[in-house]
Amino acid sequence: MKFGVIFDNDGVLVDSEHISLKAYRQAIREQGVELREEDDAHYCGLTDADIIRDMREVYGADLDLERFSARKRELYFELAAAAGAMRVFDGVRELLELLQANQIPYALASSGSREKILFNLRLANLLEYFDVPAEVQGRAAQARDAACRTGIIVSGEDFHRGKPDPEIFLCAAERLGLSPAQCVIIEDSINGLKAARAAGAIAVGVANTFPAEMLQPWADVVVSSMRELTLPRLEELARATKV
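Count the sequence shown with the UniProt record's numbering and you get residues 1 to 243, in order.
It cannot be assumed that every hint is accurate.
[As the list claims (entries may be wrong)] Here are the simulated distance ranges between beta carbons:
#1 Ala-181 with Pro-232: 36 to 44 Å
#2 Arg-53 with Ala-83: 25 to 33 Å
#3 Asp-131 with Pro-232: 23 to 31 Å
#4 Glu-97 with Glu-34: 19 to 27 Å
#5 Gly-60 with Arg-233: 25 to 33 Å
#6 Arg-29 with Asp-131: 34 to 42 Å
For the record, the hints were derived by calculation from the structure and aren't laboratory data. Bear in mind the structure is a predicted one, so any value in this text is a computation, not a measurement. Positions of the beta carbon are idealized from the N, C-alpha and C atoms, including for glycine.
With the hints as extra help, turn the sequences into a complete structure.
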């Protein structure tokens, strides 16, 4: 059975979603909008442009997109660097190695910039699992068996319409040489799960950022840990994809 796996980055592979949320809250607070905790689920996974567009409508505020994006980026890198090594969620390394060992194609698809994605992967020591230039990987480039297939990266620069639009996942599937129906997509946000379903893939919610009951209405299945995604489970999910 031919299938692939597509991962979101923040909140799925690495424990960085809380840093992203803190940065976006502070960046928008500096423009006079105080967000509520319940706003996080609504905005998580959206592009900066979509966040600002929605907030202009909801709050009637004159918000500056460029200022927001620049400040959010600055805050994110400051907060993440101060925190030091970035935690990898339980079971992630094992799952990536399982996919490599079984020659199952996989991708990281995130609304974030490529700069942010590589920054996160470097802090988490996950660069070796993805197709990035050797000069970016450094020693990790020489540490992996050359026969191991590494995952591709789709970043915010590679598409025009953000989640919950499925474009990001359609792009990732195409680059993997698969149809969306051959893909299992793993997400931690409602907007990400909506995008996965809209793409026609199986949407797996992982309850790292938001509780399982919040994700359930938008997911085909919800797991509490990546350790639940064994090879037999992935194959079972792949067989259930929509044709």
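Query raised in the report: So the hint says 23 to 31 Å: do the beta-carbon atoms of Asp-131 and Pro-232 match that?
Result: 27 Å, holds
Query raised in the report: Falls inside 25 to 33 Å, the C-beta gap from Arg-53 to Ala-83?
Result: This hint holds: roughly 30 Å between Cβ atoms.
Query - Range hint compliance [Cβ, Ala-181 to Pro-232, 36 to 44 Å] - result: The hinted range 36 to 44 Å is violated for Ala-181 and Pro-232, with Cβ atoms some 20 Å apart.
Query raised in the report: Is 25 to 33 Å right for how far apart the beta carbons of Gly-60 and Arg-233 are?
Result: Distance hint for Gly-60, Arg-233 is violated at roughly 47 Å.
Requested in this report: Check the following: the C-beta atoms of Glu-97 and Glu-34 are separated by a distance inside 19 to 27 Å.
Outcome: Hint violated: Cβ distance 44 Å, outside 19 to 27 Å.
Report task. Could you say whether the range 34 to 42 Å given as a hint is met by the Cβ separation of Arg-29 and Asp-131? Result -> 37 Å, holds
In terms of the numbered hints stated before, the structure departs from hints 1, 4 and 5, listed from lowest to highest.
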